[in-house]
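Number of protein chains: 2
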Amino acid sequence: MSKQQLSSVKVFSPATVANVACGFDVIGLAMDGTGDEMELRISDQPGVRITAIEGADLPLEAAQNVAGVALMAMLQEYGQPELGIEVSIKKNIQPGSGIGSSAASAAGAVAGANKLLNDHFPPESLIRFAMEGERLACGTPHADNVAPAIMGGFTLVRSYQPLDVIRLHTPEDLWVTVIHPQIEVKTSDARGILKQQVLLRDAIRQWGNVGALVAGLYREDYALISRALEDVIVEPIRSILIPAFHDLKLRCKEAGALGGGISGSGPSVFMLSKGADNANAVAAMMESIYAPLGVDYRIHVSRISTAGVRVID
Amino acid sequence: MSKQQLSSVKVFSPATVANVACGFDVIGLAMDGTGDEMELRISDQPGVRITAIEGADLPLEAAQNVAGVALMAMLQEYGQPELGIEVSIKKNIQPGSGIGSSAASAAGAVAGANKLLNDHFPPESLIRFAMEGERLACGTPHADNVAPAIMGGFTLVRSYQPLDVIRLHTPEDLWVTVIHPQIEVKTSDARGILKQQVLLRDAIRQWGNVGALVAGLYREDYALISRALEDVIVEPIRSILIPAFHDLKLRCKEAGALGGGISGSGPSVFMLSKGADNANAVAAMMESIYAPLGVDYRIHVSRISTAGVRVID
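Quick note, the sequences are listed as chains A and B, same order. Numbering follows UniProt numbering, with no gaps: position 28 of the first sequence is 28. Numbering follows UniProt numbering, with no gaps: position 252 of the second sequence is 252.
Among the hints, a few may not be true.
[What the hints assert, rightly or not] With a Cα cut of at most 20 Å, we get these calculated SDA-like pairs of lysine to any residue:
no., chain 1, residue 1, chain 2, residue 2
1, A, K195, B, R201
2, A, K195, B, E172
3, B, K195, A, V232
4, B, K195, A, D202
Keep in mind the hints are simulated off the structure, nothing from the lab.
Start from the sequences and build out the full structure, keeping to the hints where you can.
Following this line, the structure appears as structure tokens:
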């Protein structure tokens, strides 16, 4: 370890939207305004220790905590599994919200710790470590949320064997508005209702949209992004789990949204917009639809982050 | 009509590769070196007349000819169905080759005639007219070949209802090598062996690759293009119709190709390469594999066209 090494670091780790419409299981994005805050410190006591979690009732035992297991995977590959690292977490993302709560903690932990290791690991490795947190959280080491949390912007997970993650171009004026209805949708239930087989013609429509969405991002063509934000495979099935989904989507588009869909496996719903004004108008529309429903909700408005996990203070 | 109007025009209309690997039914590309040559003339005799076809045994009757029906659709929308247009065609693309023979004639006819109409129609309209030629040729008005023939480069057909075609960025040094085994694969047969349902996990892999391919084109990232040139849905089924397909693909990649697949519905096979040297090495490899097989073949080596149909002479 070099002499300039930091002994502690504080990071912001963003909330993320996975399953961006047609890009089910492959395209995710990072938010700028909502995320966990974490502090990591080199410690004399060996091993990973979670010293405090504020804002959510989550296990402190490292082996049972997504940040803990991600860090343990990292230290293992670093060749110093007994290196002492302390972590304290301020959760601003509610677990079960569908905007990457576990991913933010796992990604923030390894990206923060990487600062303490003088940026020893490239982003691809950090994604692999953080995926171990996802394995603990939901049984599958998926990268949909940890990839944008670490890389920022839009990311595409092309392949898992081998892991191949591409950071896509992100137009500067793209914003996201997320409504999180305070209901529980278990990822396992949301997975369970999907069909294992799909119609070839629907799949073709979906990959046409994926190609168009990626082209729209690179061209910064907001109209094309809007047309491509369509999911003919998963949304028709999963949207029944979310109160007022179709009304929400239709009226948010009338209010200026480019389009959107279910965030992750729900229950949050995201809408993309060009510019802050539209994103805020969409938030107001979401509020006007959800306020009479008697379902509690939270709304987040954020520019798409281009940074991913970042050092703060 | 304005006074500067041309009374005749000669065009080159490129061969095209549809179903570019993962981009089945949506991504196509235009070749630069291989294509039909066509001459169009304003005539005093009303209606569309095909005066000569060189190089292939195709119907001269306009209503039975792909160029004829495409032109008739165009003149109908122009509001002058009785305008006299004569067409002569030099076919350099063999019908049934899988590199867009009918599309080249239909696209060349309408893009050429559009010159005689002072560029009255935008490319999107020309694609719609040329699709009428495809309807005659194969029963379905698909745009996979006519879109790249008219727009040049790589194109993506996002949607048919409404028609939404996107011209993708095309890296300058991208070449294509095509081998056309002289065997017959009927489009209807190639369609018939496809399954109507596919596994969701295969579809996800496919659209991850489509997104990555489009990103690779915009980034001019040849390694990414190479990784994304994978088709887990259609190629495993259709490749059995093509002699030595797997050997061809494997050894062409060893010879320097980025990757490739079946062109259109076959029997042609295409491989993309970075630079002319690699494309020519791939051609030599194709030859060495096919020469001992006793199947006649033609090989085409070409830069990816960025022009589409273009005026010559």
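Cross-check of the supplied hints:
no. : hint            : result
1   : A:K195 - B:R201 : holds, 10 Å
2   : A:K195 - B:E172 : violated, 42 Å
3   : B:K195 - A:V232 : holds, 19 Å
4   : B:K195 - A:D202 : holds, 13 Å
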